[in-house]
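**Q** This is what each chain is made of:
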Amino acid sequence: MTDQVEKTEKENRRDDEEGMLPSFRPAVDIYENADGYLLEAFMPGVDTDSVDVTVEDGVLYLEGRSANGRHDGYTLVREEYGPVKYRRAFDLSDRVNVEGIKAKVRDGVLRLLVPKGEQTKPRKVEIASG
Amino acid sequence: MSIRDLVPRMGRDKSLQRRPKRTSVSSLQEDMNRLFDEFFDTFDRDPFGLMAREPSIASLEAAYSPRVNVSETDRDITVSAELPGMDEKDVTVEVGDDAVTISGEKKDEQEKKGRNWHRVEHTYGSFRRVVPLPAATDAGQAKAKFKKGVLTVTVSKREPDQATRKTIEIEAQ
Chain A
1 MTDQVEKTEK
11 ENRRDDEEGM
21 LPSFRPAVDI
31 YENADGYLLE
41 AFMPGVDTDS
51 VDVTVEDGVL
61 YLEGRSANGR
71 HDGYTLVREE
81 YGPVKYRRAF
91 DLSDRVNVEG
101 IKAKVRDGVL
111 RLLVPKGEQT
121 KPRKVEIASG
Chain B
1 MSIRDLVPRM
11 GRDKSLQRRP
21 KRTSVSSLQE
31 DMNRLFDEFF
41 DTFDRDPFGL
51 MAREPSIASL
61 EAAYSPRVNV
71 SETDRDITVS
81 AELPGMDEKD
91 VTVEVGDDAV
101 TISGEKKDEQ
111 EKKGRNWHRV
121 EHTYGSFRRV
131 VPLPAATDAG
141 QAKAKFKKGV
151 LTVTVSKREP
161 DQATRKTIEI
171 EAQ
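Protein chains in written order, with my numbering: chain A, 1 to 130; chain B, 1 to 173.
Just so you know, these hints were derived from the structure itself, not from any lab. The beta-carbon is built from N, C-alpha and C at its ideal position, and this holds for glycine as well. Please note: incorrect hints may appear among the correct ones.
Stated by the list, open to error - Computed Cβ-Cβ distance ranges for the label pairs, DEER-style: (1) B:158 with A:104: 38 to 46 Å; (2) A:126 with B:30: 40 to 48 Å; (3) A:20 with B:170: 45 to 53 Å; (4) B:101 with A:117: 43 to 51 Å; (5) A:91 with B:158: 30 to 38 Å; (6) B:135 with A:94: 56 to 64 Å; (7) A:35 with B:134: 19 to 27 Å.
Let the hints inform the model, and build the full structure from the sequences given.
**A** Printed below as a string of structure tokens:
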């Protein structure tokens with residue numbers, strides 16, 4: 001993690017077009033194999049339409065909106081969570097392949113496959129004879 | 001990779017090969033391997049020794065507890081719980097007279113196999129949450145559904161039972 005996808009959380013300073021929704025920092029798990037990273041962001045209440053994944057100036061932004069916890073016509077008796085805007089940002093090193101990032105959302109979890117760039121994969125160098 | 005692979009192979013080390021008693025070296029190695037295995041086995045389950053010191057805190061059921069909302073109308077009560085990444089196979093819902101119990105465990109996923117973790121912030125493990133309800137319910141009418149990682153249980157309130165209900169007349173003085 002230290003070099004490929006920096007774990008520094010950059011504060012996202014873009015204008016909050018969602019208005020008054022409180023910001024929530026979703027839990028993120030990151031796994032690695034030889035090909036790249038699997039990143040899972042836990043955002044209950046989001047689906048494909050309410051998630052945005054963007055890369056801008058080497059920063060990966062994960063954003064999601066949930067209308068969680070409210071049911072029309074019902075009165076809340078106990079509230080432990082409410083509608084939120086999920087936000088998280090990661091610095092990407094130039095050793096990941098930004099073009100190859102794939103995202104999908106299932107059961108309130110955003111999963112990203114972030115492939116490593118070719119130069120970070122082990123490569124055998126041929127030695128010329130003579 | 002099992003921990004066995006991390007223990008240096010003594011037989012391959014030239015300086016050790018000169019030792020006369022190869023058999024005792026290999027049995028020592030077996031002992032070492034066993035100790036390593038035992039140590040890491042315990043370590044995996046409870047890296048900070050919390051089970052011994054603080055069993056109530058360390059129990060997995062206390063470690064993960066989904067956040068819950070309860071809301072009601074005149075007729076129904078809904079209990080919703082944030083359970084991202086889970087589906088109906090991972091969760092059990094029990095409806096009692098005056099409480100809903102949600103329990104379950106996140107199963108290991110196939111796509112994590114063969115990957116090393118870098119960072120794990122999400123809490124895994126089994127959980128059990130008993131949510132008290134604001135009114136008596138008709139458990140037979142309960143419904144549950146999963147959507148976007150949120151479980152919603154809807155229970156009907158019980159019709160007031162005429163037999164147990166009695167209007168008391170107030171005597172005038």
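**Q** Hints first: check each against the structure and report whether it holds.
**A** Structure-based check of each hint:
1. B:158 with A:104: 38 to 46 Å: holds, 42 Å
2. A:126 with B:30: 40 to 48 Å: holds, 43 Å
3. A:20 with B:170: 45 to 53 Å: Because 51 Å falls inside the window, the suggested range holds.
4. B:101 with A:117: 43 to 51 Å: Because 49 Å falls inside the window, the suggested range holds.
5. A:91 with B:158: 30 to 38 Å: Between residue 91 of chain A and residue 158 of chain B, where Cβ atoms are some 55 Å apart, the hint is violated.
6. B:135 with A:94: 56 to 64 Å: holds, 59 Å
7. A:35 with B:134: 19 to 27 Å: violated, 51 Å
Checked against the numbered hints above, the structure breaks hints 5, 7 and satisfies the rest.
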